[in-house]
Each structure stands twice: as C-alpha cells, then as structure tokens.
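Peer 1: Listed below are the residues making up each chain.
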Amino acid sequence: MSGRIFNENPTIYALSKKSTRKSRFETGQSLWVDMDDCQDTSDGSDVEPIDQDEIFELIRSISDPEHPNSLEELRVVSAEQIEVDHNHIMVEFTPTVPHCGMSTLIGLSIRVRLLRSLPPRFKIDIRVKPGSHQSELAVNKQLNDKERVAAALENPALVETLEKCLETAGSTDHSD
Amino acid sequence: MEFVERTARSWMLFERDTEVNQLVAGISSGQVALLDIVKALGEYLTSAEDALRTKGVRFLSLVIEQCPKDKLNRQAVRVLVTFYCSKLEDTETITPALKGLSHLVSFPSFSSNEVSDTLSAIFMHVNMKALVQSTRFFVFNVIYSLVNSHRDDLKKMGDHFLSSYAALASGEKDPRNLLVAFKIARVVLAEFDTSKHVEDYFEVTFCYFPITFRPPPNDPYGISADDLKDSLRLCLSASPAFGSLGIPLFLEKLTAGSPTTKRDTLQAMSACFPVYGLTVAREFGEKVWSALKLEIFQPIDPLTEQTSLDTLREFVRVLQPSSTPTDGLGDDIDAHVRTICNDCVEAIGEPEKAQAKAGMKALCTFVGISPNLSFYTVTEAADTLVKLFHDPGEVSNRAAVIMLLTDLLNALALPSNTSEPSVLHKRPLSTGPTSLGYPWPSPLESAKDALLGLLVVGLKSSSTRLPAIHGLSALLRIPSVVTDEELGYIVLEVGEFVSKEPYEVEDVTIDVLSLLSSISTTAAHHLATQILPPLFAALPDCAPPRDAQSERAAYWRALCALSTLCVQPTLFETLVIRLTAKLDLLCPPSPSMSALSHVSYTATVEVEEVESTAAYAHAILTALADTLFAKVSKPELAHDVPKYVDRLLPHLFRLFLEAAITSEQCILTDPRLLHVGARIVKLVVQTLSIEQQQKFVGETVAAFLNGGVKSITGGEFSSLTDEFRPLRTDASARQRGTVTLFAAAHIPIRKEVPVILKGRDGTNASGPISLSALLKNLVEWCDLPICSALQREAACELFATLVNKHTDDVSDFLDDMLKNYWSATLNNPNISSEVRCNSINTWVWITKGLVVQSHQLVSSFVDCLFTLLEDGAVDWSAARALGALAESDHVLTKRNGAVLKILHVQRYFDAVLPRAQEGAKKFDGSRRETAYLIALAYLVNAVPKAMYTTQIPTLMPLLLRGLDVADPAIRSHIIHCLSNNITTASDDQSSLSTYASTLVVVMLKNCMVTDMPDHRVRVAALKYLSLLPGAIRYDLLHPYKSEVLKDLAKVLDDPKRVVRKEAVNARTNWYRYSG
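Top line first, the protein sequences correspond to chains A and B. Just so it is clear: in the first sequence, position 135 is 135 by UniProt numbering, and no numbers are missing. Just so it is clear: in the second sequence, position 372 is 372 by UniProt numbering, and no numbers are missing.
Accuracy of the hints is not assured; some may be wrong.
[What the hints assert, rightly or not] Below, a sample of chain B positions facing chain A; criterion: calculated Cβ distance under 7 Å: (1) 352; (2) 554; (3) 557; (4) 619; (5) 1049; (6) 1053; (7) 1067; (8) 1071; (9) 1073.
[Claimed, not checked] Covered stretches of chain A (chain B as the covering partner; in silico rule of three or more C-beta atoms under 8 Å from a C-beta of chain B): (10) 48 to 55; (11) 65 to 74; (12) 118 to 125.
[What the hints assert, rightly or not] Which chain A residues stay away from chain B? Per the calculated CB distances, all over 10 Å, these: (13) 9; (14) 10; (15) 12; (16) 85; (17) 99; (18) 132.
Derived from the structure by calculation, the hints contain no laboratory data. C-beta atoms are modelled at their ideal positions from N, C-alpha and C, and glycine is treated no differently.
Given the sequences, and given the hints that come with them, work out the whole structure.
Peer 2: Here it is, written out as structure tokens:
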C-alpha cells in the first residue's frame, strides 16, 4: 500500500445488532412458544426473496483498505443505503473523508463482492453518497463502467489488494 | 603398567571404545594411575608426526571424559592442565586439548591456581577465527564451566579476563556457540565489575539484536529463534550500564523493523526498563513515549499493539514508583507520566475517533501500577469524559464517551470470568470510603457519583442506552464501589426497560436482563420489590384471544424475563408460587368449577379459547422449566431445587391427573403441555438424594399402577369420577397421556433405588408383580393402535431406563422379547409394516439400555435387526435402527444415573460396522444392498469420526454409492459424514483425490433446487463444496473451477436464504482457489 494515509484517525461506529428474523410465534403464525420450531420455519416451500438486509450482510464485513476495521464500523456502508428492486440493486457508500483516494477501491471491492455473490440477473449500481466526495462523478463513472471494471480486474497488484479487503467478507464472527 | 601400554597401543591402532572403557575401569578401581597413561602415551604425545600427536592427545581426552571425577587428585589435575595448556600452542593438538580441558575444568580438584593458567593460555594461544565451530564450542564451554564454578577467581583476574573474553567472544556467529556465549555474558554482566568494558560488552551482545536466525529444516540441534531471543534478552537486560547505549538502538529498531522485529524489540524493552532504571527512563522518556505512541495510536496489528501496551506499562512502572499515601494525591506524578497521560486524555477528547480508543487502552494499562497513579489516571480520564458528556456540542458523541468509560471501568473491574455468583456472594458492598483495609481510597471514589449520574442519563436516550447498560455492568463488577442504596437506584432506572415493548427500547432487553440477574445474586430484594411485581402484573389471568398477537407476545416477554431473573432461590420461590397460581386459574382445579366459570361462554368461543389457553399454560410451564434448567445446570444454583419435589411437583401432578380423569374438556391433556410437565419433573427429580428418589418413585408407582393418586398430589384431589389406570390396555387416551409423566419420574432415578411394585389392583390379591411383567404389559400397551407418538416415546424411554438400571430384574422380559415377541410381532410378515416399524422402535430403545452398558445380550438383539434388513417390508426402518443404537440420547446419560460403560459406542460400532460393510459391498443393486448402505450411512453418522478414520478408504466408495439413494435424509447424512472427514481424508491423499471429480459433480447436482427439493441437502452439499478447495490440491480440481463457478451462480438465486448464504461461501472459496 502507498505510504500516504488519507484519514489517519477515522471515526469508529458501533456495530448494529444482527437483524433478527422473527420466529413463527413472534409473527403470530403460531400460538405456541416452541423451542424447537426452528426447523419447520424454513420447512415449507415459501420463497424468501433477496432483500436489503441480505445484501448488507454480504458487504458489511469487507475490510477498509486503510484501517483494520470493517466498512460497517466506519459507516462506509449501511443497510439504509441499499435499494433492491426486482432485478436491480443500488448500493450507495460514504467515504470517511471527501478527499479519500481509496473510494474507488472500496467501491470496486463492493462490486466484486456482489458480482461473486449475487445471481447474474441483477444489475448493480454502486454510487458514492451525493456530496460526500470531491470527485464524486469520476468515481461513480469508474465504478459503473463495465469496461473499466474489467480492466481494473486485469491488474494483478490491484486484485491482490482487493482480495485482501474481501478476505474478511462473510466472516461470521459478529453475525449469528 | 604393561597393561596400560598395551591398551594404549592397541587403541592407537584400532580406536575402539573398549580400550578406553578398560582404562577408565582401571582408574575407577584404583589399579591404574592416570599418570601411567600419560607415560604410556609419552611417545605419541610428543611425536613429531602430526597425526600421531593429535591422536595421542585425543585418546587422553577421551579417557578423562569418562574418568570418575573423584579419582584425579590435585597433583594429577595440575600436571594435566599444564600439559594441555602447552598443547594449545600446537595447531594439531589444540582441538583434543581443548576438549580435554573442557572436561578437566569440571573436576573438583581443579583449583584456583589452574584457573588463571588455563585462561591465560587460552587467551594467549587460541585464535577463535581460525577454529571450526566444534572447537570454539569447547572454548566457550571451558569458560562457562569456570564462570560457574570459579567465579571469584575470575573476578580476581579483573580487567584482564573481561577484556580478553570480550575480544575472544566477538565475531561468534554459530547459534550453538552463541547460546553458551549469551549465558556467560549474562553472568559476567550481572556479577562482574564491567564499568570499564561497557562498550566492549555492548558490542558483543547488542550486535546480535534483533535475532533473525531461522533454524534450517530438520535442524538436528533443535535450537529455535526463541531460545536465542530469550537468552539474548537476558544479556541485554543484565546490566543497567547498557541503558544509555541500548535505548537508542531499540528505538531505531522499533521504527524501522518488521512486525516481528517490532515485537521482539518491544519485549526486550519491557525486560530492560526495570533494570536500566529510573534515570535512563527519564533521560529517554520523551523519545520512548513518542515511539510507543506511534505503535499504540496507529497499530499495525493487534498483537503488536498489545505488546506495545505491555511495554508502556513496564516503562511507566519504572517512571512512577509507588509512594505512600499522602494527602496530595496526584501531586507526586512524574513529569513524563503526566505527559503520557495528557496525550492520552487529549486523544479521548475526540471520543468517536479510532485514536480515542487507543488512548483509553493506554490509560487502562496504568490502572494497577500504583495506587497513586491509578487514582490520578482514573480521575483525569473520568473528569474529561464527564465534561465531554455534558458538553452540548458533543451530544452526538455521547455513546462513544460511554463506551470509553466502560473500557476504563472494565480495567478496574474484576475479570468477568471470576464474577461468578459465588464470588459475588462474598463481595462486600461498599460501606465507606476505605473498606477492605485498602490504604488508598478506590480510584473511583471521587468520580463515582458523577459517573453513575452520567450512566443513568445515558439510559434515557436510545442511542446511548446499550453502552450505558454495559457501563453499569462494568461498574458493578468493581469491588466495593456501589452501595446497596445505589444498587436499588440502578435497579429502578434499568428496570424501566424490562417491561417495555421491544421496539420502544431497541432491543436492549437481553443486556438489561443480564445486568439485573448479576444484581440478583447479591441484592435479590431490589428485584423482588421493583422488577418482579410489574412483570407478574403483565401476566393476564386468562389467555388473550387468538387474534391478540401483541398481548401474546407481551406475556411471553414477561415470562422470558422472569425465567432469566428468577434463578436466585428466594426469587425462584416467588416465581413458582406466582406461576402455579396462574396455572390454577387457567386450568380450573375441579370439573364442577370449570363448568361454573365457563357457563356464560358459548360453545364455539370455548373451542377457540381452549387452544389459546393451552398455549398460554404451555408458555408458563416452559418458563418454569427453563428456569429450572438454568438452575440445575449450575451446581451452585441447584441446592434449593430438591425441595420442590414437595411443592411444585404435587401441584403439577394434581392438575395433570385431574385433567386425565375428568370428562370435561381440559387443556392439560394436550400432549405439548404434558411434554413440558415431564421436563419439569425430570429436572427436579434428578437433583434428589437417593432416599428422596425412593420415596418419590414409591408414590409415583402407587399413583400410576394402583390408582392411589392422592399419594402423589400431596393428598389433594377432587372427587374421582373414574378410576386412574393409565397403564391398563383399556385406559382412555387421556389417561394414557399421563404415562409421559410416569416415564419422566423414572428416568432420573438412580439404579440403587429399587422399583417395588405392589399388586396391580391394589387389593394385594394377586401379590406383588414383577418388573418384567410390567414391561411386558407396557409393550402390549405400546402396540395398541390408539397409541400416540408421545405415548410411545414415553414408553420407550421407560424401557431404556428400566432395562438399563435393572437389567438383572428384567431378564425374563428380555428372554420373552427375543423368543416370543420376535416371532409373533417383529418378524411376522402377516402383521402390517406400520405396526412392525413401531415395534422396531420399541426394540431399539430396549436394546439401547443394553448397548450403553455393553451387555452380552446386545448381539442377540442386533442380530434380529440384521435379519430384518433382508425383509423388504421393514428393511429401511431396521437400517435406521442400527444407526439409532449408536446415537446418544437424553435418557441414558450420566446425569440420569444410567449405567454406562466407557467406550460402549466403540464396541457396538466395531461389532456392527464390518457386517454392514460386508452386506453393502455386494454390487447387485438389489433392495437388500440399499438397505445395508442405509444402515452404514446412519451408523457412520451417529458416531464420532475418530472411530472410523482408519476405515475411510474402504468406506468412501460405499458412501458415494449411498448418495444415489433418493431419500433426502440419507443424502444429507452421508454428506455430513463426508464433510466431517474431509480433513482426515485429505491427509490420506489417495482416498479423497481419487474421488475428487465424482464428488464435485455429485455435490453440484445436490445443490440445485431443480434437482433436490430438500433445502437441507442443498445446504449440506454447498457446505461440502466450500470445503473442497481447502482439502484438495489445486492441480487436481482446477479443470472444474469454471464449471463450479458457473453452476454456483445459479444456486445464488435459490429461493431459500440459508442456501444462498452457503452458496456465497462456497463460491467465494472457489474464487480464491488457485495454484
């Protein structure tokens, strides 16, 4: 990594508790308080669509390239900044400082994580939160240009850094 | 003499050990004098021929090496020393001579005179750079022995020794020699006056720092880098004189080094600071702090960060000596420590930032160094935090402030693992400023009120609530800080959140409850008066109607809270009284009353009502059972449980038994309620003593077999409309249901308690019946078509526990099963397969009672099951049964007093596995072969993997064939089994790699929703796929990589969330899979 650190003393936020999905008793489907109903909750053939929480679950534990913290801890990503439509996903992220040179890398790591973890039918848009970065347009353009993303992923040094950020993605230490 | 000469000459020719041994034996027995040997060797020792001379000296050294230490007198040693010293000049003899010397110096008759001669000779003649490692090793050993045994003589040699040794040792590079050299240097530096040679010794020690040595593979000497590091560290910290030279070097290495070097340097500094002392610490105070600050405030990794904090603690400990209590607390703080503190406190000034956490970590390390420093730090930090908290401009950072405060409080608190209730019990509550005879006031004394106030304010707002609760629990863990009155106040403030709706309090309930239950162990009265009443009030007297979802959630929340809080004995007593009272209201004690109270309801409402009421009663019983379980799981909480055999159980039995007899509709006949009831009975009975169990089981038998219901209900029972005979084959379904309770009462009974059965009709006309007869009757009872699943389960548990604990008493029964029952029912093709499957289940539980004690009859019972594998009607059930026998269960456990033999699973497994394997190996595709495969799958899945690791190569093909069986349960069993063994199998390359491609294809097929409707199998298959890249060499699987990634992309769109999650994991692992 280059010697320059863009934000050496970032703000750390508390992790939100895992969004707990409700049991059958809590949703009123059953009258009975049953300790061992966890199996039959998912027994039926009901479809559980991909939602905001699930996308957030995928990207929350990606590491920041600059700090030993996750994107969630730095509030770079949050569940509210994700929108899911039928076949379209929009992820917005907030760089910790407006001059952050790592923004493209962060955006790219989110994109790669989602490319690998979501079915191909989704179109994914990744944006910097409006007004949070000095070269917002350039970053957005770079992140949503297929050719540029593909070119970036040809660069071995970049891919190595990227894999490092993604190493922690999906780690289950705080979920469950 | 002649013998000596002959032996010496023969050695010179053959170099055999025997000659050396002969001479050593001669010396030991006193027949040979060492000087004779020298004389005999004379011609060789002085020979002009180099090889002969070397050999002569070598022989002498060999003899000395083995010579008993007391056999050489002073004279002989003197002569030998002189001789060896003279041989040091000679390059040919220097090696054997040094070897001889290295042994000679350890002889007791080696005197002070020889010390200086030997050393002078070594210093004069030995040129270390010209010698090989092994020879240099002798030099270091000679000196090390002398340093240990003749330290005073060496000290007398003074500067000559010090300077000469430093010159001798400099430039050494071999780790084997360095280990000795470091030991010498440590002693010299610590005990000799090295004031004139500080620089020399600094050179020969610090030049090795940091150690970067890495041992070569298969190093025969077994010297690790850590050995060297530890040894060197002892040298570096041996003398305070190194201080002003060493610290700059350390700081330089710290700034420039890799993480490993950094940690090594930090550890060395920790060791050195106390030795180098206050003056040095002050001299370099600023530089050291700025270096450490960097490591702490911008840590490169957590380990280095922790090491830096440890070093900082040592550093501050040196700077800030402990002082006696004075009035001016905080006045005697060292200027450097003040600076450090100020820097950290300044970082806290921006509480939401990463460096604030680092600053707090640094401050926390000061706690406990010395009372005055603790007081100073805590006061400074607390003041800053309190100010920040109340600063209107910083309102948004209040949560961060509280979290920092919590870190500080945690540093002062007892570690949470020792805050077990037993410890807390002993902890006295604060009585005044100086309790415990501690000479210093607690560091929190002055700040406590402000902090408590701050935390309570924190509770009020949703963003700071959770941190505030954590802060309070840290505060409570600090010994003797909070007074009883303050505890009451905390309980009052926190208690507010217990009964609120979860959305109002953002789900802090769990943390609130854990805080309150930690208080309940010391100050239960606060909970009893403030927390419990509103919770009990939240429980309605009758069940909310079916559509009142939120009311139902509210009562369950209150019950959960109660069951978490009421483990403490007095609180538990209240809980039992209040909850049983509620139950009485829900289940009217007599049919007549029930008729009265329901008279106004219409019939339809009543049917609606019944299920809601039953669910409410079920929730109440579940709460009771959960609390009991929490109590029974912790020995220190369980001591009051036995008394409930006379309070809670009779009450429950009365309610359940009355319900079974009455003709009215009653909720307590519901199997789900009976199930929880049984759980409560088991939990209480397992804590009883043998005598109590005997009394209890007698009462149970009287009630269930003889109709004497009052014996178990504490004498109370409403008038009987019907006889209570649940075990008769003509009993009503309601009465039959209560057998669950009968079984529960027996499961935890120890085997020492005899089961005494009186006459069946209570008239004693038929005399006492045997246990065998009871069980036979029970089998019949079980085989009735009206027998429900729960009833059958109860009967089976009863079989297992009674057969296990009273095997000898039931031998008639077991014989009867094997002879009559086997042919009449189990193996009778004229009986429907459904009935036979049920009897296989009965069979399994009877056999289980025998399997766990490795009884000899097991084989007969198992043989029967193998016979059934051939029978197309019940073969799969029999196959499953073979696996079920190896499974552990909740009945035959140590807690329940079962008779268990060690390794019983292993024995069973070893007996059954070969038979199952044999049957499965016949590749005829028949139904019979499939049955064996299924048996194998269930069996292997039921036991720990260690039992069959060695068999994996033969099992693999069988398990893979088993995956063709369509049944999802079998597939997921097999995949689980394969996953469990993936690491073991990959060690043994051949077995897994051979099947790698098959495995990939099979698993991909099993994870597609189109091919495999059962999502559990899909999850299992995906889990397995995600393990494969870690277990198999890349070159074997890389042809599949793109296919796997492509197929997994489809699975990412699975309708089930759990499946998608596993698919993401698997796909990520395959993306990372590369050569």
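Peer 1: All hints are to be evaluated individually against the structure, with a verdict given for each.
Peer 2: Now the hints, each set against the structure:
1. 352: 5 Å, holds
2. 554: Interface hint status for residue 554/B: violated (12 Å vs cutoff 7 Å).
3. 557: At 10 Å from the nearest chain A Cβ, residue 557/B fails the 7 Å test, so the hint is violated.
4. 619: 5 Å, holds
5. 1049: 6 Å, holds
6. 1053: Interface hint status for residue 1053/B: holds (4 Å vs cutoff 7 Å).
7. 1067: With Cβ-Cβ at 6 Å, under 7 Å, it holds.
8. 1071: 6 Å, holds
9. 1073: 12 Å, violated
10. 48 to 55: holds (count 3)
11. 65 to 74: Satisfied; 3 residues make the cut.
12. 118 to 125: holds (count 4)
13. 9: 5 Å, violated
14. 10: 5 Å, violated
15. 12: It is violated; residue 12/A is separated from chain B by about 5 Å at its closest Cβ, not greater than 10 Å.
16. 85: 15 Å, holds
17. 99: It holds; residue 99/A is separated from chain B by about 17 Å at its closest Cβ, greater than 10 Å.
18. 132: The claim holds: residue 132/A sits with its nearest Cβ about 17 Å from chain B, beyond 10 Å.
Violated hints, in rising order: 2, 3, 9, 13, 14, 15; the structure is consistent with all others.
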